[in-house]
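Model the full assembly from the supplied sequences, consistent with the hints where possible.
Chains A and B are the protein sequences, given in the same order. Following this note's numbering, the numbering of the first sequence begins with 1 at its first residue and continues without gaps. Following this note's numbering, the numbering of the second sequence begins with 1 at its first residue and continues without gaps.
Calculated directly from the structure, the hints in this document are not laboratory data. C-beta atoms are modelled at their ideal positions from N, C-alpha and C, and glycine is treated no differently. Hints may contain errors.
[What the hints assert, rightly or not] Computed cross-link-like contacts, DSSO-like style, restricted to lysine-lysine with a CA-CA straight-line distance of at most 27 Å:
id	chain 1	residue 1	chain 2	residue 2
1	B	K127	A	K12
2	A	K206	B	K67
3	A	K222	A	K206
4	A	K208	B	K233
5	B	K67	B	K111
6	B	K127	A	K208
7	B	K82	A	K208
8	B	K82	A	K222
9	B	K138	B	K127
10	B	K127	A	K206
11	A	K12	B	K111
12	A	K12	B	K90
13	A	K208	B	K219
[Said to hold, decoys possible] Quick list of simulated restraints, FRET-style, between CB atoms:
id	chain 1	residue 1	chain 2	residue 2	range
14	A	L346	B	K82	41 to 51 Å
15	A	F15	B	G121	25 to 35 Å
16	B	S105	A	F41	52 to 62 Å
17	B	R208	A	E209	31 to 41 Å
18	A	F15	B	S69	27 to 37 Å
19	B	E70	A	I326	36 to 46 Å
[Claimed, not checked] Covered by chain B, according to a simulated footprint, are these stretches of chain A (three or more residues, beta-carbon under 8 Å):
id	stretch
20	6-18
21	215-229
22	274-281
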Amino acid sequence: MSSAGVITSFIKKEFRQIMRSREMLIVLFALPAVQLLVMGFAVTNEVKNLRLGILDYDRSASSRDLISSFSSGDRFQVVPVSESDNAAELISAWKAQLVLVIPPDFGADYQMGRQSSLQLVLDGIDGNSAAVANSYAAGVIADFYQRQSKTRLHRAPLPRLSPGVQLISQMSFNPDLKSSLNTIPGIIAILVTVTSMMLSAISLVKEKELGTLEQLMVTPVKRYQLMAGKLIPYLIITLVQLQVAILLAGLIFGLELAGSYFTLILFSVVYLFTSLGLGILISSRVNSQQQAMFFSWFIMVVMILLSGFFVPIRNMPQSIQWISFINPLSHYMTVLREIVVKGSSLAQLSRELWILSASGLLVFGFSVLSFRKRV
Amino acid sequence: MIHTSHLVKQFGSFKAVDEINLEIGRGEIFGFLGANGAGKTTTIRMLCGLLKPSSGEIRIDNLDIIKHSEQIKHKLGYMSQKFSLYPDLKAIENLQFYAGIYRVSFEPALKRLEPILEQFGLSSILKTLTQDLPMGYKQRLSLVAALMHDPPLVFLDEPTSGVDPQARREFWQVINDLAQSGKTIIVSTHFMDEAEYCHRVIIMQDGREVALGNPAELKQEYGSANMQELFLKVLGVSDAKL
Ligand SMILES: Nc1ncnc2c1ncn2[C@@H]1O[C@H](COP(=O)(O)OP(=O)(O)OP(=O)(O)O)[C@@H](O)[C@H]1O
Ligand SMILES: [Mg+2]
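Pasting the structure below:
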């Protein structure tokens, strides 16, 4: 029998154990469902009923028109404000999430076709929502000007928005800023990471605990055979789970894959070298399943926080942005979003492919070397 | 078959094995005796390449254990003190797995081991999940797993602990047969009656050799009626806790 025979024996054995364990079925099917449902609905940055305070220092027909275009629809809920309020206080008192300040000459300037400055003050505590609210508001104002210019038959330049206000680029691909389109790939990326890292970490530590690893160490089995025998099954399991997650996302959130399925799988396989490698790295340093769980969670949390899932990376301090750059999860998340939402091609993602390949090579290589044969 | 000289294992400043010199021949049943912590397991783990000696030399079949570890691994079977087959595999699946790991074809191996399986009463429980087997069966299964690749050298670290006397006798019957067929058996035990089955024994205390030889000759030398008495005498204790 060949070396491949040894690896096949391992794979067969792993799958027998996997098929017999209820936990594994939970990991495969229940985990994706629960994560998608809970996180998909809870971590939403689709913003509705934004509390909008309007400080109208103009009180003209034009300003009232502008206000009414904000109050139609369910995106903004105009909250009552008094003459003496100021924008910063409204926000710090949680009365409003964003405040629009209409300057005194707004109506007159507008009638004359002159440029005027509307000020938009946003509560930046939740960076994602703020960015979304900002673009909603900008959209309403742009609409207002276009409509007015058509009916009044003369052109008025768009008012400049305050500095720092930018339109976010996803708009062109996700015009409704439907949150699920943005969060679901993120959730799937997290799911894939958690599963692969935990499974590989726990499975190896379990053999340490059982004493079966010691038994393997007296056999002529090679380090790479042991690794391959462990990792191929978990690679397959994670890919199956990814498949289940994509199907569920389609059923629950109507998610459709804009890009190529092949590209998605290719990137996932490349990325799994990093996450499975991290699992091995953990398992070679710890002695019990609990410790393995603890370290996996710890690394997971750091990776998720630095991935741009909750807070956009460009809102982070420069130093943290650098750390995020070396966080493989943030690249994998970007790739999933690009493929799922934009349908980006492999060529467009080549930079990410290089980064993820390098990370996989580095982490996996290091973990294999550090997995000591003598226990 | 096995040769060691000045074998030492040190854990920090603690010497678990201290200057052990052995010469074990082919077909011999060699027993390690000693109280808890005497260094039996540590010595056996060094002999099968699981632990690196702090100093000293081990040669197996005239091959240095460090330099030729891969070659030596094919020659030895090991049954650890702690039961270590996969509990969530069926008995037969465990055997299949080890056959695969050692690169031997499963069916012929199983056929070769058929007499032992019968003797052990394992044939009928091969389809049972290993975790559901009683302790005695688990240990017999471990021995069979260690024999899948027909190794000339077999290490058994307390193979009969927690097993009833009848089952122990059956176990030793098989060990005897294996030695008859030319295999070298290294076994450690807490049971003095089992020492009688060994061709030679080493009695260890605090990592050192205190007696080495054929059980009958040792008994004569020390003027003891049985192994239990001999054991207490060489250790110089009146009431040793085993
Ligand atoms: N990895 C280790 N690190 C430190 N000390 C160890 C280690 N392994 C064993 N020891 C110590 O070495 C001594 C010998 O242990 P060993 O397991 O060889 O004894 P034993 O004769 O097999 O005992 P038992 O009959 O209980 O199995 C013990 O005191 C043990 O605590
Ligand atoms: Mg022991």
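To see whether the hints hold, each was checked on the structure:
no.	hint	result
1	K127/B / K12/A	16 Å, holds
2	K206/A / K67/B	30 Å, violated
3	K222/A / K206/A	19 Å, holds
4	K208/A / K233/B	39 Å, violated
5	K67/B / K111/B	34 Å, violated
6	K127/B / K208/A	25 Å, holds
7	K82/B / K208/A	12 Å, holds
8	K82/B / K222/A	23 Å, holds
9	K138/B / K127/B	13 Å, holds
10	K127/B / K206/A	23 Å, holds
11	K12/A / K111/B	22 Å, holds
12	K12/A / K90/B	13 Å, holds
13	K208/A / K219/B	41 Å, violated
14	L346/A / K82/B: 41 to 51 Å	50 Å, holds
15	F15/A / G121/B: 25 to 35 Å	30 Å, holds
16	S105/B / F41/A: 52 to 62 Å	55 Å, holds
17	R208/B / E209/A: 31 to 41 Å	32 Å, holds
18	F15/A / S69/B: 27 to 37 Å	30 Å, holds
19	E70/B / I326/A: 36 to 46 Å	38 Å, holds
20	6-18	holds (count 8)
21	215-229	holds (count 7)
22	274-281	violated (count 0)
Hint compliance for this structure: hints 2, 4, 5, 13 and 22 are broken, all remaining hints hold.
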